[in-house]
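The lines below spell out each chain.
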Amino acid sequence: MSEAIKVPTMAEYMAQGKQPEVLFWVGCAGSFDDRAKKITKAFVRILNKTNVDFAVLGTEESCTGDPAKRAGNEFLFQMQAMTNIEVLNGYEVKKIVTACPHCFNTLKNEYPELGGNYEVMHHTQFLKTLLNEGKLKVEGGKFKGKRITFHDPCYLGRANGEYEAPRELLEKLEVELVEMKRCKTRGLCCGAGGAQMFKEPEKGAKDINIERTEEALETKPEFIAAGCPFCNTMLTDGVKSKNKEDQIEVMDVAEMIANAQDL
Amino acid sequence: MNTMYFIPNILFLIALFIGIGYFIQNVRKLRRNINLGKEVDVYDNPKQRFKNLLMIAFGQSKMVKRPISGFLHLIVYVGFIIINIEVLEIIYDGLIGTHRAFSILGGFYDFLIASFEILALLVIVSVVLFWLRRNVQKVKRFLNPEMKGWPKNDANIILYIEVVLMTLFLTMNAADLHLQSIGAAGYTIAGSFPVSQYITPLFENMGEGSVIIIERTAWWLHILGILLFLNYLYYSKHLHILLAFPNTYFGKLNAYGKFPNNETVTNEVKLMMDPAADPFAAPPEGEVAVPEKFGASDVMDLNWVQLLNAYTCTECGRCTSECPASQTGKKLSPRKIMMDTRDRLEEVGKNIDKNGKFVPDNKQLLDDYITREELWACTTCNACVEACPVSIDPLSIIMEMRQYLVMEQSAAPNELNISMTNIENNGAPWPYNQMDRLNWKNES
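As they're listed, the protein sequences go chains A and B.
Each residue of the first sequence is one higher than the one before, counting from 2 in my numbering.
Each residue of the second sequence is one higher than the one before, counting from 16 in my numbering.
Only chain A is shown next, with the shape it has when bound in the complex (with noise of 0.2 Å):
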């Protein structure tokens, strides 16, 4: 971490009169939640690297309203929703990428209906274009030849029908990736979707993280990759219940890209 972060606002652009190539929605964990906020400054640092012409709306961002549709509350999510594209359509956003998947499938499939017509990418799309476009050098650095399993996140795999943009930059990273007995389309929940993250889950005979975090055990990871703040947290917990946090990290891929950097 050489250098500090540059993340200009969409209201300092606005002021320059400048229109940024795309806006980076940070979401409500990457804003404020302490593990998501690692992963939000890493994908920072490679846009910074990368010079992506990019902006965030900072105070001006609000939840996306996805935990509460997902909850039953569709009047909340349609305030949530409708307040944001006055936003973002004051702004004239065209284009949007976000590191969480339950933003990224709200805002792409969600907004669209009820005014916000922008192209959403998630994280791991917008960074696999950067390496197709040459923008972006990735290499394996400290990941190289490590096991790694890859966490598909319900709103970017089932939800979106994206489970190979994250495989394709693990592969650049040049890792031993071992895929886990349910993955892709068939992946297991990490068992925060559907707004169970902000709540306890219901009766059962294990916790969804668990069962999922024993079966990324089976493959004898180094690490677990995710792409998605809530998977992470709920991996993370699961690793620790198991005693092994000192030997397996669960990381975002943008975090193994920015690392292998030593951005």
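Worth flagging that the hints you see were computed from the coordinates, not collected in a lab.
In this text, a Cβ means the ideal position worked out from N, Cα and C, and glycines have one as well.
You may find that some hints are simply not true.
Claimed, not checked - Sample of chain B residues at the chain A side, in silico, Cβ under 7 Å:
#1 K273
#2 V280
#3 F373
#4 A426
#5 A427
#6 L431
#7 N448
#8 L453
Starting from the known structure of chain A, fit chain B onto it as the hints suggest.
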């Protein structure tokens, strides 16, 4: 010619009339019940819909994702479709009084009969394996609590009927072959019998009359069995053999992650956010503001595709076996959501049969069938939707019922109420100040 000669034809006509007539009545009831659901726009993109129908229903593309049950199912499915060509001949013979009328097709007829026989044998083998999976191997997904009682018996009854029908078909052919070989009157040489030829030796020491009785009995029981089976469908999970086709056609085309936005809410929110709107304005003339219920607490609140889903479900349990909540011992089982919806819909249907219209019975889908604990266990991960081989969407029902709980009853779990209050007050599910949203930038 005496009228006695026509008695079999007349009996056949009566059987056919009753069998098909009763079936049509069942179909009418089915339609009426499904139409109790709300209208939903599923008429867009017919090309993609037709493609889904071809791939998923005809092509069994999702069935074969699980290779063993997928392959066995493929045999039974192909067997049933192909062998049913034989039913056309049976109906023709039965009505006209001919015997193996299609034998005029010559060599092609031999080929047809031979392939029916081989398929019939394969169907018997597959069905036996299916039975073993359910009753001996005890595959886990067939043992969930919702499978006790009728659902379990229903599944086995279907397998028994299929074995009986195929055995009757082969017995009829075997007896026919014997009668052909001894030159019995009316049994012209026709067909090729690669399977039933091994049954034929059983008839060697029997008199011609006895074998004719066996052949006729098997022929009659086979067609009566088919008519009976046709009418069993409505009372069984086996309806999928018909409804899988429309169900895959009307299945979800959008990304699985896209949940529908409630339009009534949109209008209300727009009105709230419009600074020019007059909140005290009377609703425009002609547009009576009907108090709409948000979400679903009973089957009539669901849309007709969701009700079609319920009738299409064949209780295979692939959804439940992929569901993260079910797999970790929670009460939720997506299959049970579908079974409950169908059971309640049937109850409502019977209520209408009895009273001419639906008379409130102090029951509903919520609580009387589906508990809140089940609804709150869902992670909305779409594993059930992905797993369903016939495009059923249990998640959409769960979501609408949650919507009812929250928007009509304010009955969300307390922690969720806290999160939602946070979202309302400070734009995040946690109690952080919105003004601190960019603080991460300056933290090391």
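A quick look at each hint next to the structure:
1. K273: 4 Å, holds
2. V280: At 5 Å from the nearest chain A Cβ, B/V280 passes the 7 Å test, so the hint holds.
3. F373: Since the shortest Cβ distance to chain A is 26 Å, the answer is violated.
4. A426: 9 Å, violated
5. A427: 6 Å, holds
6. L431: 5 Å, holds
7. N448: 9 Å, violated
8. L453: Interface hint status for B/L453: holds (4 Å vs cutoff 7 Å).
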